[in-house]
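Novice: Residue numbers (the UniProt record's numbering), protein chains in the order written: chain A, 1 to 158; chain B, 1 to 208.
Read the hints as simulated data drawn from the structure, not as lab findings. This structure is a prediction, so every number in the text was calculated from the model and none was measured. Note that beta-carbon positions come from the ideal geometry of N, C-alpha and C, so glycine has one too. It cannot be assumed that every hint is accurate.
Pair ranges (Cβ atoms, derived) [said to hold, decoys possible]:
#1 A/77 - B/163: 54 to 64 Å
#2 A/61 - B/43: 52 to 62 Å
#3 B/125 - A/58: 23 to 33 Å
#4 A/20 - B/186: 48 to 58 Å
#5 B/63 - A/40: 51 to 61 Å
#6 A/6 - B/86: 40 to 50 Å
#7 B/109 - A/11: 25 to 35 Å
These stretches of chain A come out as covered by chain B in the derived footprint (C-beta under 8 Å, 3 or more residues) [said to hold, decoys possible]:
#8 16–26
#9 33–40
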Amino acid sequence: MRTHFAEVLARENACLAGVTDGAKLAGWRRRVVEELMTPRSPYVFALRQTGDGAERADFLDRWRELIAETLDRLLQSGATGGTHCSSGQAARRADADPHKTAVLILAALHGGSTLSRIAKDPWPLNAALDLALAPFTATEDNSPARTVMSSPIGNMSP
Amino acid sequence: MTTADSHNGRRLTARGAKTRTRIVTAASDLMYVKGVRATTLDDVLAASGVSKSQLYHHFDGKDALVRAVIDHVGERVIEREREALGHVSTIRGLRRWRDALVQNNALRHGAYGCALGSLASEVSDHDALARQALSRLFTEWQGLLAGVLRRLQDGGGLAPEASADQLATGLIAALQGGYMLAQTARDVTPMATALDMALAHIESLSKG
């Protein structure tokens with residue numbers, strides 16, 4: 001199990017470091033969804049409820065911190081979402097809590113991938129991430145959750 | 001008796017039905033506490049006190065038993081959720097639903113999670129029947145939450161353009177993921193946080 005945890009953390013460390021605006025955050029999300037819909041991906045093994053509890057807890061803490069740091073950076077730079085957002089959204093983003101949002105994102109990845117696995121459809125995972133990432137994305141992005149896809153991996157490209 | 005046996009559709013005698021229930025109840029408890037993979041048929045025999053031949057009379061093997069456990073647990077969870085959500089039409093009502101789930105889970109420091117969610121995270125990719133049964137149950141649960149959100153929309157508590165189905169699915173995912181985070185952390189806090197953040201987003205949609 002250690003290899004899956006280490007593998008995911010190494011990749012997340014690299015990918016999240018490059019997330020500097022809302023569009024790159026959307027790119028990160030598409031890539032993670034694709035990983036979670038790929039049966040033998042280390043992401044799938046890492047989120048499965050098996051193996052050493054303490055090691056899993058440590059893995060989840062570190063991933064959560066990476067996500068929170070990224071969100072915090074986006075908030076500091078004011079570079080979230082698209083260019084067309086309502087003042088309501090802007091206000092919500094201003095008081096968005098990166099640490100609590102990171103907990104919801106991790107829960108959405110966890111719960112959403114379980115629902116998507118039993119449904120063999122990325123729709124639930126995308127619906128979960130739409131909700132979790134809402135304060136950090138514009139409403140104008142063509143939300144993948146609204147796109148019906150016939151295959152598990154669908155037409156998502158990295 | 002009206003109970004039909006799972007794999008051959010035979011009518012069961014009252015005694016047969018009772019034995020079957022004893023097996024399924026014991027298996028459900030064991031799989032909840034130990035997990036599906038770690039639960040053996042020998043464990044189920046020991047916990048239910050039935051004989052091997054009785055067990056094989058009702059179930060071909062572990063896969064058939066797992067499917068019966070999914071039906072049994074699913075029925076209980078959906079009944080509980082129908083009772084909890086069936087008449088909810090306000091954000092306050094949704095928060096009460098959240099409080100009850102979090103508090104129940106806190107009693108055990110989140111150790112076991114959601115009985116249905118644990119089955120979903122453990123069910124084998126190769127057992128299509130079990131997977132489909134779980135998928136139907138979660139769709140039903142999501143439908144109950146979407147019903148709440150539509151009633152919220154009817155009462156002006158949620159923007160009409162919000163997708164009730166999408167939000168309901170997002171909320172179920174947050175709940176299930178929250179259970180899993182709580183289970184790993186042996187602490188219910190991440191579950192509470194995930195649900196609060198998801199509900200805060202839904203509430204924000206009413207304010208435009």
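Novice: Taking the beta carbons of residue 125 of chain B and residue 58 of chain A, is their distance inside 23 to 33 Å?
Specialist: Since the Cβ atoms of residue 125 of chain B and residue 58 of chain A sit about 27 Å apart, the hinted range of 23 to 33 Å holds.
Novice: Between the beta carbons of residue 63 of chain B and residue 40 of chain A, is the distance compatible with 51 to 61 Å?
Specialist: 22 Å, violated
Novice: Taking 8 Å as the C-beta cutoff, is the stated coverage of the stretch 16–26 of chain A by chain B satisfied by three or more residues?
Specialist: violated (count 0)
Novice: Go check the stretch 33–40 of chain A versus chain B for me, would you? Three or more residues, Cβ under 8 Å, otherwise it fails.
Specialist: Not satisfied, violated; 1 residues make the cut.
Novice: May I ask you to test the hint 54 to 64 Å on the CB atoms belonging to residue 77 of chain A and residue 163 of chain B?
Specialist: Between residue 77 of chain A and residue 163 of chain B, where Cβ atoms are some 30 Å apart, the hint is violated.
Novice: Can you tell me whether the CB distance of residue 61 of chain A to residue 43 of chain B sits inside 52 to 62 Å?
Specialist: At roughly 33 Å between Cβ atoms, residue 43 of chain B and residue 61 of chain A fall outside 52 to 62 Å, so the hint is violated.
Novice: Can the suggested window of 25 to 35 Å be confirmed for the beta-carbon pair residue 109 of chain B and residue 11 of chain A?
Specialist: The hinted range 25 to 35 Å holds for residue 109 of chain B and residue 11 of chain A, with Cβ atoms some 31 Å apart.
Novice: Taking the beta carbons of residue 6 of chain A and residue 86 of chain B, is their distance inside 40 to 50 Å?
Specialist: 46 Å, holds
Novice: Should the hint that residue 20 of chain A and residue 186 of chain B are 48 to 58 Å apart at their CB atoms be regarded as holding?
Specialist: 36 Å, violated
Against the hints set out earlier in the document, violations occur for numbers 1, 2, 4, 5, 8 and 9.
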